[in-house]
Amino acid sequence: MAYSAGTLPEAFDLVVATHVSLCDECRARLDALDAVGGAVLEDCAQVAMSADSLSATLAMIADAPSEQAPHVAAKGAVFPAPLQEYVSGDLDAVKWRSVGGGVRQAILKTSNDASVRLLRIPGGAKMPDHGHRGMEMTLVLQGAFKDEDDRFARGDVEFANEDLHHTPVAEEGVDCICLAATDAPLKFNAFIPRIAQPFLRI
Amino acid sequence: MVETNAKAEWVGHVRRIHEDRDQSAFAEVFAHFAPRVKAFLMKSGASETLAEECTQEAMATLWRKAHLFDPSRASVSTWIFTIARNRRIDMLRKQRRPEPEDIPWGPEAEPAPEDVIALQQESVQLGEALANLPETQRELIEKAYFGDLSHSQIAAETGLPLGTIKSRIRLALDRLRHAMK
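Line by line, the protein sequences give chains E and P.
Residue 126 in my numbering sits at position 126 of the first sequence, with consecutive numbering throughout.
Residue 88 in my numbering sits at position 88 of the second sequence, with consecutive numbering throughout.
Careful: at least some of the hints might be erroneous.
[Said to hold, decoys possible] So the derived list for chain E, only partly shown, Cβ under 7 Å to chain P, looks like this:
1) Val47
2) Leu54
3) Val99
[Stated by the list, open to error] Pulled a few chain P residues facing chain E out of the computed Cβ check, cut under 10 Å:
4) Lys38
5) Val116
6) Ile117
7) Leu119
8) Gln121
9) Gly127
Calculated directly from the structure, the hints in this document are not laboratory data.
Positions of the beta carbon are idealized from the N, C-alpha and C atoms, including for glycine.
From just these sequences and the hints, can you work out the full model?
Dropping the structure here:
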């Protein structure tokens with residue numbers, strides 16, 4: 001809902017857009033929420049445009065070519081298109097930095113009200129203890145990880161906050177690659193991503 | 001029925017913009033939607049000048065993307081809503097808005113006419129369902145979509161407790177869902 005209304009920080013928007021690229025059910029829900037937005041727009045009050053606005057718009061149109069369809073990731077790509085735009089390519093374009101324990105990360109540039117990073121955890125290794133100081137949203141892109149209760153594989157999203165204490169472990173096999181957004185340590189109103197939660201949880 | 005015809009007509013307008021670069025069709029779409037988009041942007045916190053500029057850009061985007069509009073997936077008002085929302089984020093926040101990629105369904109075919117009619121009729125029903133919501137619930141839905149208002153800001157503005165706002169929004173969305181069955 002917050003993604004549809006356009007009120008999430010950019011870092012969380014990226015995780016939602018990437019997840020929706022992989023999940024038909026959430027795409028259908030997003031379309032439904034957008035449809036409510038359309039109905040609200042149709043229903044809402046009007047404010048008169050300035051007198052020359054139509055001609056100004058037509059002038060703007062005359063200057064610009066038509067827009068191309070958004071980029072679609074190649075078949076077999078690990079990263080869906082919205083993520084590829086931030087990385088400037090697929091998995092092989094990521095500039096990893098080691099954070100110890102065999103785990104590597106790459107922080108992506110977004111607005112600073114929240115942050116988002118790629119994590120690469122070798123099969124069988126423990127997830128780094130990054131402490132849930134705020135709201136965190138983790139999307140699996142390759143491999144899988146497990147905690148005491150659940151297993152998360154490609155396309156799955158895990159939500160965590162300060163209250164969650166668990167020890168996720170990457171499954172044996174290929175490296176587990178995740179996209180994780182968090183509002184900590186720059187703590188903003190943690191209520192916002194929680195609105196996205198029922199929307200993303202299947 | 002008049003309403004249904006009007007909605008179906010907008011789909012035809014967008015097709016004429018795309019196929020014939022028809023400026024009079026564009027002028028009609030502009031006359032109907034631009035004042036709504038401008039109001040939407042001003043309610044989400046834009047000054048009148050910024051809203052005017054942003055609306056013009058959104059309408060220009062509509063022209064440039066007319067060939068991408070899929071009437072089996074969205075009504076024209078929904079499509080314009082998403083364009084306006086994205087422009088708002090671009091302009092007010094100077095942030096990028098990541099958009100999901102289309103899930104490939106196989107070769108892209110022309111949308112089937114019956115799918116287009118079904119979707120457009122559902123959109124009319126949705127509009128009616130929204131209009132029939134109790135005033136308090138409709139207001140909250142609108143506030144949530146008019147955007148840069150978080151739920152806690154809505155709480156401050158309306159004086160309602162956060163829990164009440166959350167449950168009213170959920171209730172309103174449930175009712176809309178129910179009305180669509």
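Self-check item: Violated hints, by number in ascending order, as checked against the structure
Solution: 3, 5, 6, 8
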